[in-house]
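Visitor: So the protein sequences, as listed, match chains A and B.
Position one of the first sequence corresponds to residue 1 (this note's numbering), numbered consecutively onward.
Position one of the second sequence corresponds to residue 507 (this note's numbering), numbered consecutively onward.
Please note: incorrect hints may appear among the correct ones.
[As the list claims (entries may be wrong)] Below, computed lysine to any residue pairings styled on SDA-like, alpha-carbon distance capped at 25 Å:
| # | chain 1 | residue 1 | chain 2 | residue 2 |
| --- | --- | --- | --- | --- |
| 1 | A | 386 | B | 575 |
| 2 | B | 785 | A | 328 |
| 3 | B | 785 | B | 991 |
| 4 | A | 404 | A | 450 |
| 5 | A | 48 | A | 131 |
| 6 | A | 386 | A | 369 |
| 7 | A | 48 | B | 600 |
| 8 | B | 1038 | B | 1005 |
| 9 | B | 1038 | A | 304 |
| 10 | B | 716 | A | 98 |
| 11 | B | 952 | B | 1018 |
| 12 | B | 716 | A | 103 |
| 13 | B | 785 | A | 327 |
| 14 | B | 716 | A | 128 |
| 15 | B | 1038 | A | 200 |
| 16 | B | 952 | B | 780 |
| 17 | B | 1038 | A | 196 |
| 18 | A | 404 | A | 473 |
| 19 | B | 716 | A | 45 |
| 20 | A | 285 | A | 409 |
| 21 | B | 1038 | A | 241 |
| 22 | B | 534 | A | 122 |
| 23 | B | 534 | A | 45 |
| 24 | B | 1038 | A | 257 |
| 25 | A | 48 | B | 581 |
| 26 | A | 47 | B | 600 |
[Unchecked claim] The calculated label-pair distances, taken between Cβ atoms and stated as ranges, are:
| # | chain 1 | residue 1 | chain 2 | residue 2 | range |
| --- | --- | --- | --- | --- | --- |
| 27 | A | 186 | B | 552 | 35 to 43 Å |
| 28 | A | 186 | B | 622 | 20 to 28 Å |
| 29 | A | 323 | B | 868 | 50 to 58 Å |
| 30 | B | 990 | A | 345 | 52 to 60 Å |
| 31 | A | 283 | B | 941 | 34 to 42 Å |
| 32 | A | 54 | B | 681 | 25 to 33 Å |
| 33 | B | 829 | A | 269 | 34 to 42 Å |
[To be verified] Example chain B residues on the side facing chain A (calculated, C-beta under 10 Å, incomplete):
| # | residue |
| --- | --- |
| 34 | 566 |
| 35 | 743 |
| 36 | 821 |
| 37 | 929 |
Source of the hints: derived by calculation from the structure; they are not laboratory data.
All C-beta atoms, glycine included, are put in the ideal place defined by N, C-alpha and C.
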Amino acid sequence: MVGERLTRGLILRFLISMMAGTDMKISPRSAEPSSESSKAPTGDLAKKVMEEVRLAMSENASVRGWQVTESEARSLQGLYLADATGLSCYQRRHVEDQSVSLLVYVASEDGSLGQGQREIDPMIAVAPQVESAIRSAGLIRNPFFELPRPPAVPYPEVVTSDESIERDMEGAMLQIEERAGQIVRDLHGVNVNSAEIYVNARRSLTTTSTGIVMDRRETDLYFEAAMEKTAGNAISVEANTQEVHRDLRAVTCEGLLAELPAFVQQMREETLALGGTILPPTTEKAMLLVDAGAFSDLVRAVLDQMDAATEYNRLPHLLPGAEIARGEALPDSEPLTVDLDPLLPAMALSTPFTREGLVAQQGRMIESGVVRNQTISHRMGSYLAKSPNGLTGNMVIPCGPLTKEELLASVDECIEVLSFSSLLVNSRSLTWSSEIKLGRLYRRGKLVALVKGGVASGDIRENLTSARYAAHRREFNKIGDSWHGGEGYLGPEAVLLRTGVRIAGA
Amino acid sequence: MQTAKNVSSVPEHQRESGGRPPFPDRLKPLRLLMPELLALLESGLEDQLYAFVWLEESRSLSVTAARVESLTDSVDRGMVMRIFARGGNFEEATNILDPDHLRRLARGLRERVVSALSGMTSTDPVYRPLSIEEEIRRGLPGEVMAQMPAASDSSTWLHFAPVCLADPDRTDHAILGDRAREYRGRMMSISAVQNAALADARVFVRQTVKTQVFVDRTRNLSQILPVSLAYAMAISSGGHMGRSIRGGLGGLDIAVLDDAALLEATETCLRLDQAERLKPGRYRIITGPDVTGVIAHEAFGHTQEGDTCAKGRSIATGLRSSGHVVGNASATIHNNAAIFSMGADGERAGNGMGETGTMRSSVLSYGTNGSYFFDHEGEFARLHSLIDGGLLNRPMTDLWSSVRLGEIRTANGKRESWRRPIMTRQTNTYFTPGDSTLHELIVRVKHGYLARHAHGGMEDPKGGSLTAGTEYLEEIENGRLTGRLFLGPSGGHVELSDPVFDMLARIEGKTSVEHPEGIPANKYGGCGKYHKELVEAGSGGPYILWESINCG
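Pulled out of the complex, with its shape left as it was, chain A reads as follows:
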């Protein structure tokens, strides 16, 4: 995609633990909506679109189906500088956003099935837009498949939002601002140079021609801060050449507030530990300890190859029975096991249904280093003559027997990567590479130096051959945005990669 040539800002790594409240619910349904909660987010526009496309379908046999999604989103956004009172807002925004989109399927005489996606323009008449969408969809030629029907069983109940945010977004924003300001005000030895707080709520209602109704409510919160040592320490503010920049994301306000003090405290400790750095040594046999965020990126690339779409598209893919690891394993290696779980409460990839409206399913994807399942959508199941399975959701990985400190002490030399500059993972070649923004060099578990710069790269399958997993479990969420897909992760806080890592440094 085009984004692959984009330049990158600073790295996103964040940690969060979620609290599942009993008052936070999603209202999944497979029947026509009836209650107040099902009130259309965008008023009559979506209704008009559905009327027009139903009419078109009744008059034109080539129109084989449609999907209408209406969305409503609200956002409060604040950008801050730190001052004596805590955080001082210099940009405050209120955002409201409504949209309706139409996906229409049109069969051609040659037996193919085209589809076209159109965002509906509320400023012009609906009928010509529906006609245009149908006409455009007719230009596309894909293999035919029957559109999915409503599932035989109801969607499971899954917590995907915080009702308190939906009810009182300003109140949630105020709570976070006050708490964050208080924490920042009480910090010693460090300056917070900037911070950002976002509170978002979205609702989308998707209806299909076959009778599927997917009603989804989502909330998320974002806190970001950049910190450096204060003047009066060994390094003056003006001469500071290092900062710690982190963000924290959550689905619920309670979850963010619970995590915030420890998050900022950890940032402070990292900031105070900053000092002179060295380039890492050049080697083709490096060992790295990476955090949960970086490791989840590597595992997600592997999971991408287990998507049946990669098989159909003839891209590199992994089928059940395939070995993930490649190369000779070192002693004490721990083979990878990965589950997907869409039902964990209030996590980024928690959902009762797949995009097509299949019931979301838990399942084991990798067991002891061997692929157990592909993720198979309804459409790819049809194309590949496989049963769709609805597997989706948050990544769950078992922990290992050793603590992070024990892992560091278990090898002669190791770099703990605190942050990559821009970890780019290629899900096709299963390789990765990045400059090291900041790391710690250990020898037999003893901190030797801070590391900055140099390029680390790896082959994921080689990395997984001799990996070891930390004993402490960590949970975090990345909320999807225009830059990244979302991720929910429950697994070891750190992973030791002992093979397949190279470093270009000193």
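Once you have looked at the hints, place chain B on chain A.
Guide: Using the frame of chain A, we list chain B on its own:
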């Protein structure tokens, strides 16, 4: 099939009128409403605050030709109302564009700001925007002045648009689909002829037309920015990719992939399956315009963003005040939204460098997707020098950082969309050209590599380091390209990484360009600040020979 033309070949009648898209009728009612909204925001309070109203519309058509085809048709239209007071921005943003609703939002925003300011005292002067006459006296780019009426006041609708050979309004899915399928078919044919294992070829063709309106107390501006793109990607069974990208600011006539581009994407992908792996280390490197541009963007692009400086998050502030040298005499980097023509990228003809070793060079009649006439806060585009011969100049600014830092405003106030906040963002960032040919640079390399295709990049504005990715490296031995390709040490892309000062001190030579104002090729691209806030941003420059860069 139309191809990009030299500036001089654009027919006079198109340059004067027919080639510049007019302001669309559908947005006139909203534009007529905007001065009323502005009055609701600031009328009677002009001595205490400054307000503007911003309207943007983005209409996009795309087709992807691949094993599974897809098509999109989108329109996104939203408005932002801003009050800037006591050094802070307050904004309401919405896509519910009913006039009464907008009036309610404007009144509500004013009430909130007045309430927030009621307990505050400040002796800071209130921001006062320049009049159009003052802007003209300050100097404006030729393409802006060419569209400026002889006389105007704050209520005059000033409209700006680039010359388009292909009318963006005539683009439809059939045209896009035909082009995408044609390119894909040619790539698959190349693969078949070579009896090679191309897994798939994907071609994405898109046209986006952005219409933007800015109204404040001194100006009523609009601009139309059509951006066209053709993106071809070949994928091997080994998972390697070859790509070709053409596009920028203009109609579909500039989104054209010729046979050489399609052949290169296809062959490169297949060759990468057999590519060798680079031994990690330092090498002499020549970067092409694509990679050069990423280095420019990262080197002192982000570091010279005013908001980053204002937050104390940039190393540039202290370096600027101390006059610290951050590069050698060849280290000159510009940021310039007003690129509406540029030098071609000097791609090699065929497999060699040409008999004389000189590049095919010409002047392209279009800008990049990072070009515009004014920014998202109504500031006119002007060339801005970030580094001149190794010395830092003033930072780029948005309104907030300009006021906070006491720096002059530049046209760098940008947002991802009306949904997101304004930040200081780069437009087109590029190294200025030199006086060598590419052949002359290659001859100077005993052992090293040519890096032509970018693969992302990142800068640490506080720490002064940068990394720029390249898809692969082409080996140079004893002053000649050997034809051997190298992937990174682990079989993926290659990262070029060094401290910024070190890197900028190691420029050994730059190629020249054929453009009357010395503007080199700038490439289609984008930028995510702090890994979010995605905006369009071109970047480029000449081929540059670097004494050495750490590669891994």
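Visitor: List, from low to high, the hint numbers that the structure doesn't satisfy.
Guide: Going through the list in order, the structure violates no hint and respects every one.
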